[in-house]
Every structure is written in C-alpha cells, then in structure tokens.
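**Q** Next come the chains, spelled out residue by residue.
Number of protein chains: 2
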Amino acid sequence: MKHTYDYPRPAVTTDCVALRFSAGHLKLVLIQRAHKPFKNAWALPGGFLDMDEDLKTCVCRELEEETGITNVFVEQIKAYGTVDRDPRGRTVSVAFLGLMNPDDSQLDAGDDASDAQWFRIDQLPKLAFDHGQVIKDALALLRTKVRSEPIGFELLPKKFPLRDLQRLYEIILDQSFDKRNFRRRILDLGVLVDVGQVEKNSKHRAAKLYRFDRKKYKQMKKNEVAFKL
Amino acid sequence: MKHTYDYPRPAVTTDCVALRFSAGHLKLVLIQRAHKPFKNAWALPGGFLDMDEDLKTCVCRELEEETGITNVFVEQIKAYGTVDRDPRGRTVSVAFLGLMNPDDSQLDAGDDASDAQWFRIDQLPKLAFDHGQVIKDALALLRTKVRSEPIGFELLPKKFPLRDLQRLYEIILDQSFDKRNFRRRILDLGVLVDVGQVEKNSKHRAAKLYRFDRKKYKQMKKNEVAFKL
DNA sequence: TGAACAAGGTGTGATTTGCACACGAAGTTT
DNA sequence: AAACTTCGTGTGCAAATCACACCTTGTTCA
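Line by line, the protein sequences give chains A and B. In terms of numbering that gives the first Met the number 0, the first sequence has 165 at position 166, counting the first letter as 1, and numbering is strictly consecutive. In terms of numbering that gives the first Met the number 0, the second sequence has 10 at position 11, counting the first letter as 1, and numbering is strictly consecutive.
Just so you know, these hints were derived from the structure itself, not from any lab. Treat the hints with care, since some could be wrong.
Since the list gives no way to pick one copy over another, a pair counts as held whenever it fits inside one copy or between any two copies.
Dumping the calculated DSBU-like pairs for lysine-lysine here, alpha-carbon to alpha-carbon at most 30 Å [said to hold, decoys possible]:
#: 1; residue 1: K38; residue 2: K144
#: 2; residue 1: K77; residue 2: K199
#: 3; residue 1: K135; residue 2: K215
#: 4; residue 1: K55; residue 2: K178
#: 5; residue 1: K38; residue 2: K125
#: 6; residue 1: K38; residue 2: K199
#: 7; residue 1: K207; residue 2: K157
#: 8; residue 1: K135; residue 2: K221
#: 9; residue 1: K202; residue 2: K77
#: 10; residue 1: K26; residue 2: K221
#: 11; residue 1: K221; residue 2: K125
#: 12; residue 1: K144; residue 2: K26
#: 13; residue 1: K135; residue 2: K214
#: 14; residue 1: K227; residue 2: K135
#: 15; residue 1: K125; residue 2: K144
#: 16; residue 1: K157; residue 2: K135
#: 17; residue 1: K217; residue 2: K227
#: 18; residue 1: K214; residue 2: K55
#: 19; residue 1: K215; residue 2: K144
#: 20; residue 1: K144; residue 2: K207
#: 21; residue 1: K55; residue 2: K35
All values reported here derive from a predicted model rather than from experimental measurement.
Kindly produce the complete structure, drawing on both the sequences and the hints.
**A** Here is the structure:
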C-alpha cells in the first residue's frame with residue numbers, strides 16, 4: 000500500500016543518545032550498521048515515526064526494539080534537518096537524550112545476540128550520519144541541565160551513596176569537587192533523604208544510602224528555591 | 000504532480016516565535032487565520048519545509064513571506080509532534096525563536112495590508128494549535144539563554160544606551176535590577192564599548208551609547224571567562 | 001537667564017556566599 | 001591488634017554580591 004501527497008515530504012525519524020553510568024564512566028549505546036551508507040560505522044538507535052505515536056513514544060519504542068532497553072527518562076534535544084544529512088533521502092530527525100538507571104542492568108557488557116554495544120563516551124568509534132554532532136549536543140544538554148535540574152538522579156539507582164553521586168557529577172561536568180563542600184551543598188538542597196541503610200558488600204566502611212525525594216523537590220520549586228549546583 | 004512513499008509520512012513545518020523589543024515591551028508577531036481549523040484565531044508564522052532547504056532557511060523564508068520580516072537571529076527551540084496537534088493531519092513542527100533588532104522597524108503598528116500583527120507578550124489573543132505552549136517554551140528559552148549568552152543584544156539596535164539594555168533584561172527576566180550594580184556587572188564583562196556618542200532627541204540629559212563587541216566576546220569565551228548575568 | 005525638572009552617571013561598606021582545608025571513626029584484612 | 005581503606009564531619013578566610021544616595025548634565029519653561 001502506497002501513500003501519496005501533493006508535495007514531497009521528508010521522512011521523520013527519532014534518534015536516542017541513551018546514557019548509562021557504570022563503573023565510573025558514562026556509556027552510550029550504539030548500533031553497528033550492516034548496510035550501505037556508513038556500512039560498519041556505528042549509529043544511534045532510532046527509526047521512523049509512526050503516524051499514531053508521539054515523538055517520545057517513538058524514541059522509546061525504537062530504543063526498545065533495537066536494544067531491549069526500557070524504562071528510560073527521555074528529554075528532547077532538538078531536531079536535525081540539514082538537506083544532506085542522510086544520503087538516501089531527505090530526513091528530519093528529532094534527537095532525544097535518554098538516561099537510565101543502572102539497576103536494571105539490561106545489556107551491560109553487550110548483549111551479543113544483538114549488534115548493540117555500550118561505549119564509553121570518551122572512547123567512541125566512527126559514527127554514521129551527523130550522530131557525532133548529536134552526541135556532542137546531547138552531552139552539552141546534559142551538562143547544562145544537571146546544574147539546574149535534578150536529572151542526575153536518573154542515572155543512579157533509587158538508593159545510592161553520596162560518593163557515587165559526586166563521582167557522577169564529576170564525570171558529567173569533567174571537574175572535581177571537594178568532598179565536604181559537595182556533600183554540604185547537595186544535602187543543603189534538601190531533596191535527598193537518608194534511607195537509614197548502608198551499602199552492602201563494601202570492602203571497607205560502608206556508606207549511608209540516600210534517595211532523591213521528588214516531593215521535596217517539587218515543594219522546593221514551588222517555594223521558588225533554585226536547584227543550583 | 001504527486002509524491003508517493005511506501006509508508007505514510009507526517010508533514011514537516013517550521014514555526015517562528017519572532018520577538019521585538021519596542022516601547023518597553025516584548026512583542027510577538029502573529030497571523031490571523033482565515034480558514035477552518037482555528038478560524039480567526041492567531042497563529043505563529045511558519046509553513047512547510049521545502050525539500051531543498053535546511054530548517055533554518057525554511058523558518059526565515061516563511062517569516063519573510065508571511066510578515067516581510069528579514070534579518071532575524073534565529074535559534075531552534077524544539078520539535079513539536081503530538082499526534083493530534085493539527086486536526087487536518089499529522090504534522091511535526093520545528094519551532095524557532097527569532098530575535099530582531101528594532102532598527103529596521105519593519106511592520107510596527109501592523110502592516111495592515113497583511114494580516115500580521117504585533118502583540119505584547121503579556122497581551123496575547125486566542126492562539127491556534129499548540130502555539131500557546133510553543134510561545135511559553137520560547138520565552139523560557141529566551142530567559143535561560145539571556146543569562147548565559149549575549150543574545151539580548153539581538154533585540155537592541157547596534158548602538159544603545161545602558162538604560163535600554165537594563166529595561167530589556169528586566170522585561171525578559173521579570174525582575175528589576177539596581178542601576179549601579181547592573182551597569183557595573185555589564186561593563187565589567189568587557190564586551191561593550193562606548194561608541195563616543197550620545198542619544199539624540201532625548202528630553203533630558205542624553206545617555207551615552209554603547210555597542211556590543213562580538214570580537215571581545217569571542218576572546219572572552221576563549222579565555223574561559225563566563226558571560227553570566 | 002536662571003530655577004525647576006528629569007534622567008544620567010558614579011563608589012563604599014555590610015552581608016552573604018564560596019572555597020580551601022585535616023582528622024577521627026568505622027569497618028575489613030592479615 | 002595493627003594496618004589499611006573509605007566514611008563522615010566544621011571552621012576560618014577570601015571573594016562576590018547586594019543595598020544604598022547624591023551630584024552632574026542637559027532641557028524646559030517661567
């Protein structure tokens with residue numbers, strides 16, 4: 000069955016820069032291309048928009064179909080639509096940043112049944128299309144947002160020690176923080192609660208676990224108090 | 000001539016939130032709809048993406064065609080693609096923020112040959128489609144960007160008194176600043192130069208004129224000095 | 001022509017915020 | 001029990017931010 004229009008239309012796709020914080024590094028899932036343009040290069044997961052789904056729905060569906068990953072926090076980056084971005088024909092792609100929590104450790108060292116693999120963001124392979132630029136923009140967005148919104152927590156398990164939170168921020172922002180100042184600043188925001196447990200299996204003194212309290216955050220916003228790192 | 004594809008495709012459009020700073024207010028250009036969906040409501044200028052133009056080219060072209068406005072600084076907001084945003088059929092629209100400088104006072108009190116009109120952003124009429132949300136997002140983007148990048152100057156003439164710059168920031172950010180602190184902060188950034196002239200036609204003591212120096216700004220960025228209001 | 005008016009332009013001290021910094025406590029290993 | 005590793009905590013100094021008032025300049029109008 001064909002679909003016909005009075006004027007030509009570009010294809011609309013979504014792409015996802017899906018990030019995961021693991022072993023002290025930010026990692027990104029990519030898919031190796033098997034076919035013609037950019038054959039063997041690596042590309043962001045993504046695909047065509049269906050007529051009955053929203054952009055967010057589309058990017059989540061494609062991510063699951065291509066990598067098995069579900070349960071991702073997604074946020075739009077922007078649309079990419081230069082004329083020649085795909086040699087096969089005109090496409091406009093809406094890119095999303097996806098953050099997942101390492102609990103569900105779906106596909107870690109590379110589900111080798113699939114052609115999806117995780118790469119450290121500082122060790123990326125050759126990329127297809129304009130995906131290198133998309134990834135740059137995604138990381139820039141992450142850096143900006145993480146300073147003014149509590150999206151860092153999307154990359155951590157529900158319960159986490161402050162050490163991990165600090166390491167995550169250090170990785171994302173590529174700078175180091177003084178431990179005492181970092182802890183004070185984060186705790187003074189008043190959006191973390193001590194869950195009254197400590198980590199298990201630690202080789203040394205066990206750290207207390209905290210969780211992010213979304214209700215306290217909302218209240219904080221209502222009171223016009225800023226989340227500023 | 001018809002255009003046929005194997006799978007259905009949404010139409011791709013661009014929309015522009017074109018702002019102008021005039022008489023102490025931010026104003027936005029809108030077009031009154033003459034036809035069916037949202038008849039008589041007001042809509043953002045915009046239209047269909049041609050196959051041989053980039054998104055930015057498209058939004059500038061549509062803005063010129065519908066309002067006569069040229070020479071606009073544009074920056075992408077994001078793509079809007081909910082399934083039911085246009086009752087006539089599936090469309091994905093990429094929205095842009097457009098900032099223009101009041102020198103070229105093209106179409107001020109409403110070029111009445113056209114159906115385009117300027118509205119104060121705090122006095123908007125009934126809006127078509129999801130354009131109310133788009134405008135909200137545009138203003139939020141403007142507020143964010145204006146704090147960390149020198150885009151405010153896009154809304155002023157080349158030469159301007161510091162008073163006008165302060166008023167602009169106060170309007171955009173919806174807060175007032177102490178005159179002395181504001182002037183110190185802006186001048187200490189080192190990106191403004193005194194052009195050695197004063198305003199004409201002022202009813203009282205004439206203010207000195209300044210201009211934004213893009214070269215100094217670039218150098219400032221290179222030296223990793225931040226532009227922070 | 002000078003008095004009244006309106007807006008322009010300038011500096012200081014008080015408060016707050018940010019930053020650097022070190023050590024005892026807890027738990028594990030040998 | 002000694003050695004090791006990581007956890008968790010408070011203070012003082014420097015820098016940045018904020019609040020604040022008056023004289024200057026130019027115009028208008030009596």
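**Q** Look at each hint and say if it fits the structure.
**A** Outcome of the hint check:
When the C-alpha separation of K38 and K144 is checked against a cutoff of 30 Å, the pair qualifies neither within a copy, at 34 Å, nor between copies, at 39 Å. In this homomeric assembly, K77 and K199 never come within 30 Å of each other (Cα to Cα): the closest approach is 41 Å inside a single copy and 43 Å across copies. Taking identical chains as interchangeable, the C-alpha atoms of K135 and K215 lie at most 30 Å apart only when they sit on different chains, with a minimum of 25 Å there against 32 Å within one chain. Taking the shortest Cα distances, K55 and K178 never come within 30 Å of each other, neither inside one copy (37 Å) nor across copies (45 Å).
When the C-alpha separation of K38 and K125 is checked against a cutoff of 30 Å, the pair qualifies only within one copy, where the shortest distance is 11 Å, while the shortest distance between copies is 50 Å. Taking the shortest Cα distances, K38 and K199 never come within 30 Å of each other, neither inside one copy (45 Å) nor across copies (64 Å). With identical chains, the CA atoms of K207 and K157 are at most 30 Å apart within one copy only, with a shortest distance of 13 Å there and 57 Å across copies. For the identical chains of this complex, K135 and K221 are inter-copy neighbours only, at 18 Å across copies versus 33 Å inside a copy, given an alpha-carbon limit of 30 Å.
Proximity of K202 to K77 under the C-alpha cut-off of 30 Å is found in neither arrangement, the shortest distances being 44 Å within a copy and 47 Å between copies. Taking the shortest alpha-carbon separations for K26 and K221, only the inter-copy value of 28 Å comes in at or below 30 Å, while the best intra-copy value is 34 Å. Taking identical chains as interchangeable, the C-alpha atoms of K221 and K125 lie at most 30 Å apart only when they sit on different chains, with a minimum of 28 Å there against 45 Å within one chain. Proximity of K144 to K26 under the C-alpha cut-off of 30 Å is found in both arrangements, the shortest distances being 18 Å within a copy and 28 Å between copies.
In this assembly of identical chains, K135 and K214 lie within 30 Å of each other by CA distance solely across copies; the values are 25 Å between and 32 Å within a copy. For a Cα distance limit of 30 Å, the shortest separation of K227 from K135 qualifies both inside one copy, at 23 Å, and across copies, at 22 Å. For the identical chains of this complex, K125 and K144 are intra-copy neighbours only, at 27 Å inside a copy versus 32 Å across copies, given an alpha-carbon limit of 30 Å. For the homomeric pair K157 and K135, the shortest alpha-carbon distance inside one copy (28 Å) is at most 30 Å, but the shortest distance between copies (32 Å) is not.
Proximity of K217 to K227 under the C-alpha cut-off of 30 Å is found in both arrangements, the shortest distances being 14 Å within a copy and 26 Å between copies. Only within a single protomer do K214 and K55 lie at most 30 Å apart by alpha-carbon distance; the minimum there is 24 Å, versus 40 Å between protomers. When the C-alpha separation of K215 and K144 is checked against a cutoff of 30 Å, the pair qualifies both within a copy, at 19 Å, and between copies, at 27 Å. Proximity of K144 and K207 under a CA criterion of 30 Å is satisfied intra-copy only: 26 Å inside one chain copy versus 38 Å between copies.
With identical chains, the CA atoms of K55 and K35 are at most 30 Å apart both within one copy (28 Å) and between copies (29 Å).
When held up to the earlier numbered hints, the structure conflicts with 1, 2, 4, 6 and 9 and fits the remainder.
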